[in-house]
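4 protein chains.
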Amino acid sequence: MSDLWQGIDKISYVGNKGSLKSGLGFQYYNPEEEILGKKMKDWLRFSVAYWHTFDQRLVDPFGDGTATRPYDKYTDPMDNALAKVDYAFEFYQKLGVDYLCFHDRDLAPEGDTLRESNANLDKVIDKIVENQKATGMKVLWNTSNLFTNPRFLSGAGTAPSSKIYAYACAQLKHSLEVGKRVGAENYVFWGGREGYESLWNTEMKREQAHIAKMFHLAKDYADEIGFDAQMLLEPKPKEPTTHQYDFDAATTIAFMKEYGLDKDFKLNLEGNHANLAGHTYQHEIRVAREAGMLGSLDANQGDKLIGWDIDEFPSNLYETTAAMWEVVENGQIGPRGGLNFDAKPRRTSWQAEDLFYSHIVGMDSFAAGLRVAAAMKEDGFLDDVLKTRYASWDEGLGKDIEDGKEDFKSLEEKLLDTPQAELRAATQSDHLEQIKDTINHYIIQTLAK
Amino acid sequence: MSDLWQGIDKISYVGNKGSLKSGLGFQYYNPEEEILGKKMKDWLRFSVAYWHTFDQRLVDPFGDGTATRPYDKYTDPMDNALAKVDYAFEFYQKLGVDYLCFHDRDLAPEGDTLRESNANLDKVIDKIVENQKATGMKVLWNTSNLFTNPRFLSGAGTAPSSKIYAYACAQLKHSLEVGKRVGAENYVFWGGREGYESLWNTEMKREQAHIAKMFHLAKDYADEIGFDAQMLLEPKPKEPTTHQYDFDAATTIAFMKEYGLDKDFKLNLEGNHANLAGHTYQHEIRVAREAGMLGSLDANQGDKLIGWDIDEFPSNLYETTAAMWEVVENGQIGPRGGLNFDAKPRRTSWQAEDLFYSHIVGMDSFAAGLRVAAAMKEDGFLDDVLKTRYASWDEGLGKDIEDGKEDFKSLEEKLLDTPQAELRAATQSDHLEQIKDTINHYIIQTLAK
Amino acid sequence: MSDLWQGIDKISYVGNKGSLKSGLGFQYYNPEEEILGKKMKDWLRFSVAYWHTFDQRLVDPFGDGTATRPYDKYTDPMDNALAKVDYAFEFYQKLGVDYLCFHDRDLAPEGDTLRESNANLDKVIDKIVENQKATGMKVLWNTSNLFTNPRFLSGAGTAPSSKIYAYACAQLKHSLEVGKRVGAENYVFWGGREGYESLWNTEMKREQAHIAKMFHLAKDYADEIGFDAQMLLEPKPKEPTTHQYDFDAATTIAFMKEYGLDKDFKLNLEGNHANLAGHTYQHEIRVAREAGMLGSLDANQGDKLIGWDIDEFPSNLYETTAAMWEVVENGQIGPRGGLNFDAKPRRTSWQAEDLFYSHIVGMDSFAAGLRVAAAMKEDGFLDDVLKTRYASWDEGLGKDIEDGKEDFKSLEEKLLDTPQAELRAATQSDHLEQIKDTINHYIIQTLAK
Amino acid sequence: MSDLWQGIDKISYVGNKGSLKSGLGFQYYNPEEEILGKKMKDWLRFSVAYWHTFDQRLVDPFGDGTATRPYDKYTDPMDNALAKVDYAFEFYQKLGVDYLCFHDRDLAPEGDTLRESNANLDKVIDKIVENQKATGMKVLWNTSNLFTNPRFLSGAGTAPSSKIYAYACAQLKHSLEVGKRVGAENYVFWGGREGYESLWNTEMKREQAHIAKMFHLAKDYADEIGFDAQMLLEPKPKEPTTHQYDFDAATTIAFMKEYGLDKDFKLNLEGNHANLAGHTYQHEIRVAREAGMLGSLDANQGDKLIGWDIDEFPSNLYETTAAMWEVVENGQIGPRGGLNFDAKPRRTSWQAEDLFYSHIVGMDSFAAGLRVAAAMKEDGFLDDVLKTRYASWDEGLGKDIEDGKEDFKSLEEKLLDTPQAELRAATQSDHLEQIKDTINHYIIQTLAK
Ligand SMILES: [Co+2]
Ligand SMILES: [Co+2]
Ligand SMILES: [Co+2]
Ligand SMILES: [Co+2]
Ligand SMILES: [Co+2]
Ligand SMILES: [Co+2]
Ligand SMILES: [Co+2]
Ligand SMILES: [Co+2]
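Protein chains in written order, with our numbering: chain A, 1 to 449; chain B, 1 to 449; chain C, 1 to 449; chain D, 1 to 449.
No incorrect hints appear here.
Which copy is meant is left open, because identical chains are indistinguishable; a pair holds if it fits in one copy or across any two.
Taking lysine-lysine and the DSS-like style, the derived pairs with C-alpha atoms no more than 25 Å apart in a straight line are: (1) LYS377 - LYS205; (2) LYS377 - LYS21; (3) LYS133 - LYS41; (4) LYS180 - LYS263.
These are computed hints drawn from the structure, not numbers from a lab. Note that the coordinates shown come from a computational prediction; the quantities given were computed from them, not determined experimentally.
Pulled out of the complex, with its shape left as it was, chain A reads as follows (with noise of 0.2 Å):
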């Protein structure tokens, strides 16, 4: 291997004995363990975004970038570009992860026409290719970046101009070209500025018209070149927009229906979003998974005190427990899905090193929260809450109302002369304080381990 991530060795697995502190290694993710009945690296299947992790230059609205790279000398646009593809693959390597995902932009400078853009990312991407060649590395999914440039102030898909969304249809027949070159086992659209500023401007129903007929067509070229990546939509509720049309889990599920996408399109979902929607990452993922909507996942997480997308990497062993219980209840995150991290260091973790550390502790978070969640799942914790609970419905009068044999008429006649005490015994206690302090259990003995 090469040595361009300079005093930075292969991290292995060391353990819980020592912390990062004390040296970088993981604790927990230990890829080739089995974990009910699959390698740990299958259930998570981890990926590394291009764009924070290559590109971002830890920017906020208040400040300029304070990253420093070690491919920072490399001043031509171009040059830069490729050089940077040398040190993305390297960085997989030393971290130990499969798999990769991008957006066109973030890899190769725009030109003054589609052409010219084009032909810039076709000669990242073929560094790309030929590096997956010499280290297996897969691309978990690849994107194109509809807000950044001011064409998309508007929006691509639900631009106002059609000549801006007939360019977005453009960028994004090539970004599907790329993701069958890369052998791209999904494709993310994430609607950025899908939304609106104000809703006194807006024709919202054409606009989400607009965007589906795109998705449609994006799915017809795909299939007509024989990229059969797994189609994503990835929610957010507001940020850049006021108001994005794929609000959360739901209504992104109810515009699928809307507009007969859902046979061929599924979910991305991203902790820090379910945050600003008003929900936990836990629900977002279970409102796709009981819908068989499940796609993939962005492993972030936000500040519930703070108002605005932070991306963090994830490290709350709560929310990556409750995640991936969730994931171990649908068998798989989904068809292809993995865990990529959309996630970023804080601006003042600046440091390349920092970029090591924020992986590792966003890997071995979730690493740390498939154990758990194996550990409640293998002990029946869980399944006897829910068995207890639901005791109900799973034999005599519960059974036949799920099976259609009872109506109005013949539950009154049942009901009609219970008295308040006989109903009122008819309830149970939830003891939830009891289930948390048994997860708190099961978080600190698993873990130990």
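Following the hints, put chains B, C and D with the ligands in place on chain A, whose structure we already have.
Same frame as chain A, now just chains B, C and D with the ligands:
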């Protein structure tokens, strides 16, 4: 007219020269006046909510009720319930509304069995029907309280106990019969506890299937007895539970589609609930109307710096203008919709006369909103904004795309060599600040007339 | 010991091998064990809140109480009040806490006059004092309920009516006398309605001057009768009112300084209130301890996606670790402080045994937090982080600045020609992700021991 | 006048008959008109913010700048900086404002050393002073940007590095000298990064002591050079950092008192910051004015459903009326205060003319607010509300309490046997709904004149 609410005369339209400070009277609500070809009273169809206006004692989680009401002298629960009917109908007459809304348990005390509860309720309904005949008052909608009694501590249609579920169905059955007796135009389901406290002990999908079945059974029974009310679901994201299934309009529409309820059910939307879900009231109404799902409106407002449901009487003219703009665009609130004041005076506005002040500010604020919306419509102000903004879709390339004549390849051909400057030239400024200024102008100039 | 709470034995420390799922017992709370040179029970000084644990019926704004308690059979209010004392003291014994907290109106029913209310209260206090003698139980603090009764609808110390204010003072007088009788170590003021619904009708400054005077009169009277409790104010930003004057720790400290109360009063801080004010609990404790104003702690947690005060029992180990870190840094909670569970089980955890589960998870979570904080302290982990980060202030230029030896001119001279690169070199990465990983490590490794 | 902003004539007062839709003009702002004995322009003292109006490219975290400005043709940074001065002063003239505000780094490009940066800045200041002489334009306040450059990534006055702190002091020194040159009436400190990302690595008290010292040094140096500006601190709760020390008005006042800054410093308050802290703008102004700490106002508005700082131009008449009510009660904004538009057009309002629309809606909204507040003052409407509500404090018992003639014992004597009914009779209804109706009435009737 009797004079149970002493010191209050019938409220009449006095025009905009005086305010409530100088005496009771409507400044903007002139029921027979025509606006956009329809009487104000037919656009607005105001309704008074029995539970808040006549039952609410103005308690809060840290305080006992402060309300003083003229019927407080009736101490026996049934006496009180029967007396209140007279007070209610005189209130409607003095206020000048044509509709009321009620649930079952706010009309009459609960007995030990459903049979007893029904009997209590029926006595009050007898008196209501009598009063309806005498006054012509109509019922906008009725509903059933399936959340206050401890038996419903974990929900009714989503109760973990099938017996509680069965009881809820039986209670609903009678409530539908009551609806038929009073000629209710709609029937509302608000899912107060139909959600979860914790996902760890919840089978979300199973619970949703159960309540969907309950809605189907309700519709079936309504059909059976010839109660042809429009069925409505009322979204709310949380409170009392941590998460309620009918989170917002989009989520509820998704649920209805999933379970085949979208043909028979529509939405009843509340302003404060919209805010708790992270939306404006206008947004929720827009979502519903564009989906053909707008049924009726609960008129109230929240405080956006407060995280719980305060159900304030609406007074914010920006919000009532936006709501009525959507109604004007829709041609009506809904096929049988109205504006029900699901609102209570502040706990510090505890006098009987505050009930009049409160309803007047609510009615006048919506009447004002209607006047402003109509003026903007008549001048074509917002229609022009939209027409200009989306002009590129009405012909040429945009029309071809909408007509399905383009695909990714044809669009790439057209755009591949378009320079950035030409793309940027296709974007327009929104002039949002100019639009806000113009809306202020319409509010002032219309209402000053 | 009697056996009023049937089926519950004295809770003992069983270590971390079992959870509440397998039986009642403490995993982390071992009262006599020494941590950092002090017994756990002396670090933590747990207290049970009478109002929540024994009075709270588990109502919410949309539902009646669900609680079932073994003393529900006593239907006469005074009988119930007196019987409850026995249940309470057995509860303390079985749980193994040394402190209780109460307000006046939760102990005994209110009479028509203050004289009657005081007489009722005194009878219950007699029994409490008797039980204290028998058991050695101490009172962490008492307080007076000046917010539930409708007379306090616009506040007590900030009431617009001077008569209500005067009554509040008289009620407080007796509450101070009660405090002296039971030997309360602190006396708390929580300003439930000391704030405003609307600024339009509020003389904020005058109201604040009134309540400041009430606090002074209270301190004067306490001194006069020889009740030497530490006086405490408890901040909360809102609920029940729109805005409460004691918004958060910083605001309350500003108020105390403005009115000369900062010598005699300190703060009682609650976790859920911190979140409602937009802060972490750790932040509020830090603000108070650095100002020398940390008095005592109300132990509970909120749900950061919920905008009202849920007063959940604390179970989040991140939050208890952070809170106990501040306590460890402070050397103690406060001169006479403790951890009072101002917390209630969820409305769905309505059984008597849930009171035990709830307190155990609360006590264990704070005991766990203490263990983790102590381990981080003993290893010098966070001290090292701070020492490194602020090293430039401990000598040379930084020390000169701190010592007042520099001014703008001397500093300009030194920095006027410093190039950007040298400035940038003076900044450090925070490595925040590494720190979070290390805290996770401490939680797991410490608690697994 | 030159014509750099082509197509725009001087904006004049046209009265309320037309809106911005029909052409540029003020509906409510008539600078020479007297309101409550003072010219409108003297009540309002509008100021344009250089950074937002002339520098802001309308970027957001997900998008590049969209703004097009007539001076974009100047590509050399110093050429651009110098040219912009002419555009700025013509803008002021055409808009009809008397004040500007600026910080150091928005005027001129930064050099490699402070000496170079100062030299660049001085050239632009020369031109500004020249333009001031020609036009009579005054500087409401200037400030120093201590947050954008990466060297300030962890703060300036609270930087962990003493070298960065020292550099900040040196930068401030020159900024004060600039203030003196341009005759700035105030000098503002906004603590963009003066706070923390995490408490785990922060010595909060030490950092606060450092910045307090910096403020003292700044005041000392201003005195030394005879720059007699009013010093102002601008609170903001968060963004860019997780928590900023100057959280809100009350917190900042507490800080000033703790460090002896309250004699020399006052507050500059911003509407959007108030909302992010959980307050209304009116609340923050009230807190400041009642503490004698109101210095100046940053005029903008947020969106209460959005959790980040959008700095919208103010258009909400409820908010401007409330803010101007507080100003009217205060007699003036502050001794040298004004209304500075710390506001930017929406990213979708990117044309040069939107800068005019935006400022006009902002100026007109505050002028309207002044008119409404004055009308309510002249009629004594709110004074009557307060007088009635607090009447019991103006004589008898209330006066005795205020005069210190009562204590707990004397009050107990008076209230011990007062029955509940008499206490309840001492409470009043707030009639808050009536008040809101009346405010609506004042808005419409005043502005329609
Ligand atoms: Co994100
Ligand atoms: Co994402
Ligand atoms: Co509501
Ligand atoms: Co409602
Ligand atoms: Co609380
Ligand atoms: Co508390
Ligand atoms: Co701002
Ligand atoms: Co500002």
